[in-house]
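> With the hints as extra help, turn the sequences into a complete structure.
Protein chains: 2
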Amino acid sequence: MNRKELVSQIRQKKSYLCVGLDTEFNKIPKHLRSDPDAIFQFNKKIIDSTKDLCVAYKINTAFYESQGIPGWEALEETVNYIPSTHFKIADAKRGDIGNTSSQYAKAFFETLQFNAVTVAPYMGEDSVKPFLEYKDKWTIVLGLTSNPGAKDFEQLTTGDEKLYEKVIRTCSTWGNPDNLMFVVGANRLEQFEKIRSIIPDHFFLVPGVGAQGGSLKDISQNAMNVECGLLVNASRAIIFASQNEDFGEAARAVASEYQKEMQNYLL
Amino acid sequence: MNRKELVSQIRQKKSYLCVGLDTEFNKIPKHLRSDPDAIFQFNKKIIDSTKDLCVAYKINTAFYESQGIPGWEALEETVNYIPSTHFKIADAKRGDIGNTSSQYAKAFFETLQFNAVTVAPYMGEDSVKPFLEYKDKWTIVLGLTSNPGAKDFEQLTTGDEKLYEKVIRTCSTWGNPDNLMFVVGANRLEQFEKIRSIIPDHFFLVPGVGAQGGSLKDISQNAMNVECGLLVNASRAIIFASQNEDFGEAARAVASEYQKEMQNYLL
Numbered sequence: 009m010n011r012k013e014l015v016s017q018i019r020q021k022k023s024y025l026c027v028g029l030d031t032e033f034n035k036i037p038k039h040l041r042s043d044p045d046a047i048f049q050f051n052k053k054i055i056d057s058t059k060d061l062c063v064a065y066k067i068n069t070a071f072y073e074s075q076g077i078p079g080w081e082a083l084e085e086t087v088n089y090i091p092s093t094h095f096k097i098a099d100a101k102r103g104d105i106g107n108t109s110s111q112y113a114k115a116f117f118e119t120l121q122f123n124a125v126t127v128a129p130y131m132g133e134d135s136v137k138p139f140l141e142y143k144d145k146w147t148i149v150l151g152l153t154s155n156p157g158a159k160d161f162e163q164l165t166t167g168d169e170k171l172y173e174k175v176i177r178t179c180s181t182w183g184n185p186d187n188l189m190f191v192v193g194a195n196r197l198e199q200f201e202k203i204r205s206i207i208p209d210h211f212f213l214v215p216g217v218g219a220q221g222g223s224l225k226d227i228s229q230n231a232m233n234v235e236c237g238l239l240v241n242a243s244r245a246i247i248f249a250s251q252n253e254d255f256g257e258a259a260r261a262v263a264s265e266y267q268k269e270m271q272n273y274l275l
Numbered sequence: 009m010n011r012k013e014l015v016s017q018i019r020q021k022k023s024y025l026c027v028g029l030d031t032e033f034n035k036i037p038k039h040l041r042s043d044p045d046a047i048f049q050f051n052k053k054i055i056d057s058t059k060d061l062c063v064a065y066k067i068n069t070a071f072y073e074s075q076g077i078p079g080w081e082a083l084e085e086t087v088n089y090i091p092s093t094h095f096k097i098a099d100a101k102r103g104d105i106g107n108t109s110s111q112y113a114k115a116f117f118e119t120l121q122f123n124a125v126t127v128a129p130y131m132g133e134d135s136v137k138p139f140l141e142y143k144d145k146w147t148i149v150l151g152l153t154s155n156p157g158a159k160d161f162e163q164l165t166t167g168d169e170k171l172y173e174k175v176i177r178t179c180s181t182w183g184n185p186d187n188l189m190f191v192v193g194a195n196r197l198e199q200f201e202k203i204r205s206i207i208p209d210h211f212f213l214v215p216g217v218g219a220q221g222g223s224l225k226d227i228s229q230n231a232m233n234v235e236c237g238l239l240v241n242a243s244r245a246i247i248f249a250s251q252n253e254d255f256g257e258a259a260r261a262v263a264s265e266y267q268k269e270m271q272n273y274l275l
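Each protein sequence line maps, in turn, to chains L and E.
Start counting the first sequence at 9; every next residue gets the next number (the working numbering).
Start counting the second sequence at 9; every next residue gets the next number (the working numbering).
Derived by calculation from the structure, the hints in this document are not laboratory data.
These numbers come from a predicted model, not from an experiment.
Careful: at least some of the hints might be erroneous.
Copies of one chain are not kept apart here, so a pair can be met inside one copy or by any two copies together.
Said to hold, decoys possible - Okay, derived cross-link-like pairs now, BS3-like style, lysine-lysine, Cα gap no bigger than 27 Å in a straight line:
| id | residue 1 | residue 2 |
| --- | --- | --- |
| 1 | Lys170 | Lys202 |
| 2 | Lys35 | Lys59 |
| 3 | Lys35 | Lys137 |
| 4 | Lys170 | Lys159 |
| 5 | Lys35 | Lys143 |
| 6 | Lys114 | Lys35 |
| 7 | Lys53 | Lys268 |
| 8 | Lys114 | Lys159 |
| 9 | Lys114 | Lys38 |
| 10 | Lys59 | Lys268 |
| 11 | Lys114 | Lys170 |
| 12 | Lys170 | Lys137 |
| 13 | Lys52 | Lys225 |
| 14 | Lys12 | Lys114 |
| 15 | Lys52 | Lys114 |
| 16 | Lys159 | Lys268 |
| 17 | Lys202 | Lys159 |
| 18 | Lys143 | Lys202 |
| 19 | Lys145 | Lys114 |
In structure tokens form, the structure reads like this:
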């Protein structure tokens, strides 16, 4: 999916919502857990219930890897089930030396049919570039994350800026707004304006709304650009809105609230 | 495996060699590729041929993930096949917000029976700590890596030191030499002494010997401590020493050269 198609989906649905399929086995409704294909069945219901309200799904690989081979099977089934109209993100935070990052790029862009993968920047250029070599695929580099640990290294000062600013500025020269996005946590409002000035045209993938406390209004009013430029992710707040048999309807209700609010900011 | 047991294995075998099972499908000998279980059969032969010469095996997850489900099956078979006398490293370079890193820790320490996993430090404390909560399991944090991209961020100056020094100094306070190691590239000789002064007692996992040009002699003479404190990894130089039917013998010959040289430095 290229940028034009993504922006078109956003305009059409009046939504820049990404639903995070952080499907932790122990949190899915009890009536599903005895199903040998429980994780996929859960995801299928969530996708069916939310697909007209969101433009992207984000699969965090950790929740699947923890289940071993059945987890990878569920991940594969899920990515194949997501409609091709939707932007499919592997939230994998990979990164290794060049020849090894190429294998990760192959894993997510060829073996699995994701549109995008999140990448950790610590190891530098040759660890990021192999992901950027795929046409119409996207690399989403960690910029300023939403977790408490962001203060430990990301927010250190180096030269006349913070490390996350340096990371964003440097990585932005390795790709362009058509193949590169950055993760910026929703609870980093005070930094949004500065980051937007460094990368006016890039999309941000914004986690941290909902369970982690970020405000959709603040993000939207401070970081949207002419093409929207935002994919705002909510995971637990949507997928675990109910732990009962009505979890699909409950997820839809929460996703619908997000979409309705987004519709206002997109005007 | 605890530190005492690891050091005992090193003394017994007079080796601190780690064999990296970077089993790229297209590089395994042609006669094996038609076997539906080719990757595991290759690894099995490498393990059988080298196990008395090394103390650790390192499985880089990228080469398995790129093969999809069959790759994960081969990874699982391989880790189960490695003898319990050997230190089993998942070179996965994972890291995410706290509740998600917990899932990665579960994946590698419970679902799969690894002794250690490599972790990327960018996201800070809550991304690293879940790995440190397992008794007799090890977290190996990226310090100064061997690849060209290490110059982009790892070697930036922050305060009065380099970022990688800050990362090593800070992370070392989250664990101890019994549950924490650091990745230090073999080609970073000029920095070895400084890093050893920051963490005199920790083990270093040292990639970059062989294909990447680091010198075993230089590393050993500059960074060994009283308990050895080094696991030196070689991957391609050993496992792809021959692309013919004699690949097991060829791998053994190279591993044996490393072990013989290590024996001298351990005296």
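> The structure should be examined with respect to each hint, and the outcome stated for every one.
Verification of the hints:
no., hint, result
1, Lys170 - Lys202, "both (11 Å within a copy, 24 Å between copies)"
2, Lys35 - Lys59, "within (21 Å within a copy, 41 Å between copies)"
3, Lys35 - Lys137, "between (36 Å within a copy, 22 Å between copies)"
4, Lys170 - Lys159, "both (10 Å within a copy, 17 Å between copies)"
5, Lys35 - Lys143, "between (37 Å within a copy, 26 Å between copies)"
6, Lys114 - Lys35, "between (31 Å within a copy, 16 Å between copies)"
7, Lys53 - Lys268, "within (21 Å within a copy, 59 Å between copies)"
8, Lys114 - Lys159, "between (32 Å within a copy, 25 Å between copies)"
9, Lys114 - Lys38, "between (36 Å within a copy, 21 Å between copies)"
10, Lys59 - Lys268, "within (14 Å within a copy, 61 Å between copies)"
11, Lys114 - Lys170, "neither (32 Å within a copy, 33 Å between copies)"
12, Lys170 - Lys137, "both (22 Å within a copy, 24 Å between copies)"
13, Lys52 - Lys225, "neither (29 Å within a copy, 56 Å between copies)"
14, Lys12 - Lys114, "within (24 Å within a copy, 39 Å between copies)"
15, Lys52 - Lys114, "both (25 Å within a copy, 25 Å between copies)"
16, Lys159 - Lys268, "neither (33 Å within a copy, 45 Å between copies)"
17, Lys202 - Lys159, "both (17 Å within a copy, 25 Å between copies)"
18, Lys143 - Lys202, "neither (29 Å within a copy, 43 Å between copies)"
19, Lys145 - Lys114, "within (11 Å within a copy, 30 Å between copies)"
Checked against the numbered hints listed earlier, the structure breaks hints 11, 13, 16, 18; every other hint is satisfied.
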